[in-house]
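*Asks:* Residue-level listing of the chains:
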Amino acid sequence: MRMRNKQQTQLTKAPRGQTLLRNVKKNRTMLWMLVIPVTMCFIFCYIPMPGVIIAFKKYDYMKGIFGSEWNGFDNFRYLLMSKKLWTLTRNTLLYNIVFIITGTIFQVGLAVILNEMLHLKFKKISQSLMFLPHFISWVVVATIMLNIFGDHGVLNQVLNKLGLESVSIYAYENASKWPIVMVLLKIWKGAGYGSVVYLAAIVGISPEINEAAKIDGANIWQRIWYVTLPSLKPTIIIMTLLSIGGIFRGDFGMFYQLVKGQHLMASSDVLDTYIYRTMMSTSNMGWSAAAGLYQSVLCFITINIVNFVVKKVDPDYALY
Amino acid sequence: MSKLHSSRTRIKTSWDTKAFNVMGYTIVTIFALACVIPFILVLTGSFTSEKWILTHGYSLILRPENFSLEGYATIFRSPEKILNAYAVTTFVTVVGTVLSILLVTMTGYVLSRPSFPWRNGISFYFFFTTLFSGGLVPYYLLCTQYLNFKNHLYALIIPGLFSVWNMIIAKSFMKGIPNELVESAKIDGAGDLRIYFQIMMPLCKPMIATLALFTALGYWNDWYNCMLFISDDTKYNLQYTLQNMLRSAEFITKIAQEQGRTVASVPSESMKLAMTVVAIGPIVALYPFLQKFFVKGITIGSVKG
Numbered sequence: 001m002r003m004r005n006k007q008q009t010q011l012t013k014a015p016r017g018q019t020l021l022r023n024v025k026k027n028r029t030m031l032w033m034l035v036i037p038v039t040m041c042f043i044f045c046y047i048p049m050p051g052v053i054i055a056f057k058k059y060d061y062m063k064g065i066f067g068s069e070w071n072g073f074d075n076f077r078y079l080l081m082s083k084k085l086w087t088l089t090r091n092t093l094l095y096n097i098v099f100i101i102t103g104t105i106f107q108v109g110l111a112v113i114l115n116e117m118l119h120l121k122f123k124k125i126s127q128s129l130m131f132l133p134h135f136i137s138w139v140v141v142a143t144i145m146l147n148i149f150g151d152h153g154v155l156n157q158v159l160n161k162l163g164l165e166s167v168s169i170y171a172y173e174n175a176s177k178w179p180i181v182m183v184l185l186k187i188w189k190g191a192g193y194g195s196v197v198y199l200a201a202i203v204g205i206s207p208e209i210n211e212a213a214k215i216d217g218a219n220i221w222q223r224i225w226y227v228t229l230p231s232l233k234p235t236i237i238i239m240t241l242l243s244i245g246g247i248f249r250g251d252f253g254m255f256y257q258l259v260k261g262q263h264l265m266a267s268s269d270v271l272d273t274y275i276y277r278t279m280m281s282t283s284n285m286g287w288s289a290a291a292g293l294y295q296s297v298l299c300f301i302t303i304n305i306v307n308f309v310v311k312k313v314d315p316d317y318a319l320y
Numbered sequence: 321m322s323k324l325h326s327s328r329t330r331i332k333t334s335w336d337t338k339a340f341n342v343m344g345y346t347i348v349t350i351f352a353l354a355c356v357i358p359f360i361l362v363l364t365g366s367f368t369s370e371k372w373i374l375t376h377g378y379s380l381i382l383r384p385e386n387f388s389l390e391g392y393a394t395i396f397r398s399p400e401k402i403l404n405a406y407a408v409t410t411f412v413t414v415v416g417t418v419l420s421i422l423l424v425t426m427t428g429y430v431l432s433r434p435s436f437p438w439r440n441g442i443s444f445y446f447f448f449t450t451l452f453s454g455g456l457v458p459y460y461l462l463c464t465q466y467l468n469f470k471n472h473l474y475a476l477i478i479p480g481l482f483s484v485w486n487m488i489i490a491k492s493f494m495k496g497i498p499n500e501l502v503e504s505a506k507i508d509g510a511g512d513l514r515i516y517f518q519i520m521m522p523l524c525k526p527m528i529a530t531l532a533l534f535t536a537l538g539y540w541n542d543w544y545n546c547m548l549f550i551s552d553d554t555k556y557n558l559q560y561t562l563q564n565m566l567r568s569a570e571f572i573t574k575i576a577q578e579q580g581r582t583v584a585s586v587p588s589e590s591m592k593l594a595m596t597v598v599a600i601g602p603i604v605a606l607y608p609f610l611q612k613f614f615v616k617g618i619t620i621g622s623v624k625g
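Same order as they appear, the protein sequences are chains A and B. Counting in my numbering, the first sequence runs from 1 upward without gaps. Counting in my numbering, the second sequence runs from 321 upward without gaps.
Next up, chain A with everything else stripped away, as it sits in the complex (with noise of 0.2 Å):
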């Protein structure tokens, strides 16, 4: 019996590389078709991770990546004595569960109000208009902005023709309001193309159970309670936990482009915004680098926890 399966094994094995062999000269097209999106996912995914020893080192433009000085944990010592990265981090955690909790209220708010309306007219043409802001850069969000809140901007204007004074979001004492202007932003620009997402989930649901509910006499608001919401729920938990995985990530557009002015950095200064200007002007990549090799942990720290809490409650939903 031991004899036999052995040379069963044998006679698998054998031909193992004549099978690579094969398949790869059956499959030759396909392996040609991934050539170039292999290639360039090396080069500038893979190549770069080992480039995180920076973060280590002491970096030195005429020396480059590998000749620079180690100098042990000193770029992290920095950030850490500094009180850089606690704020850092606060800011960008604080920021992306605002962001995730008043985006998901009223990305599911807003599809539930317009799944319930009946002028499809109406419906259509303001779900158009509420996807505008997506289309639009940061840049261009930046210069309306300036337009509404600016010191010659709508908002001054209506200000003082109802005789109050002005007010000027970029002065130094509104620094603790931009807050509140960033999640405000945050939700125009996101709120009609999110709630496309939802407003799809809710017409998967069937319309035998809202009617079914209607004839019980449930109405308007019990059916949201009871039927809309709940069948909503996958969805709103996929949606989050998606968010969830990249919550160390700021949006480094809208903060890069939005904020102006050393005074609002205390209160709007993230990992990304930070990791870009040491960068570009300080002569210590280390630190930057530092910054970005701890946001990058985390990142996978927190995106594998939530994969694995959703493998154990509902594998469906695990992203792998």
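For the record, the hints were derived by calculation from the structure and aren't laboratory data. Mixed in with the good hints there might be a few duds.
[What the hints assert, rightly or not] Partial chain B-side listing against chain A, Cβ under 8 Å, derived: (1) I347; (2) F367; (3) P437; (4) L456; (5) F517; (6) L537; (7) Q563.
Just so it is clear, CB atoms sit at the ideal spot from N, CA and C, and this is done for glycine as well.
Dock chain B against chain A, hints included.
*Replies:* Okay, now just chain B, sitting in the frame of chain A:
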């Protein structure tokens, strides 16, 4: 549909429904207005005279006494800059989108074939890059010091070329297409390239349309790569030109010098707005036609496969 019908034929709507409708329509109206009014303000502002903006502020309605084309006149008096930026953005958008779609759908095609033996391994090879990255510094050093990205137009194209998420969308869409089609073509003697171009591509039109639109939008709105890699101002793209205009007083000084006028006489406010209109013009103009693709696209993207 039936739900819609039944509530329409119902004679009496209860007060709950009425309350909900009042609230719903109000919220949606306010939000939709909040989304569109800023665009109208930018548009009218770009046609308003500088003097009017500085004394009266922006207004929603254009009147003969505040109408002026000086914003546009200023940016088009020395049009090289803007035409250049337009040329760069258009070139990058067109070339980038075409190449990106080719690469993304090709990869999606190969990885969606059940007969391809290494599909899981290679899928993970791509997917892993979304989980962990080396960070900005190593990437930047690689691109600038080893790959010669500085001041080359391909620096604006290559970074956005291959999106793993788009590839996953393409892959899951192609998985939904019956494999028998591919198999029968194979029996008829078609190679993989032929199957990809002549069978898959036509069947994937809706997916390709939406991916292409999203990719094109990404290229059109890109300023980040330009900021990282380009310092030669003849190679600036549209968004970066706009950003420079907003950020630096230098830009206005430069314009004043080029046009031989004093800095104070440059209508900076209306010029900024005119530039914004120029930068978002094509998107907003095409928007009504493209919108249905976008709506479809988001729903395609949200289907996990």
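*Asks:* I'd like to know which numbered hints this structure contradicts. Please list them from smallest to largest.
*Replies:* 2 and 5
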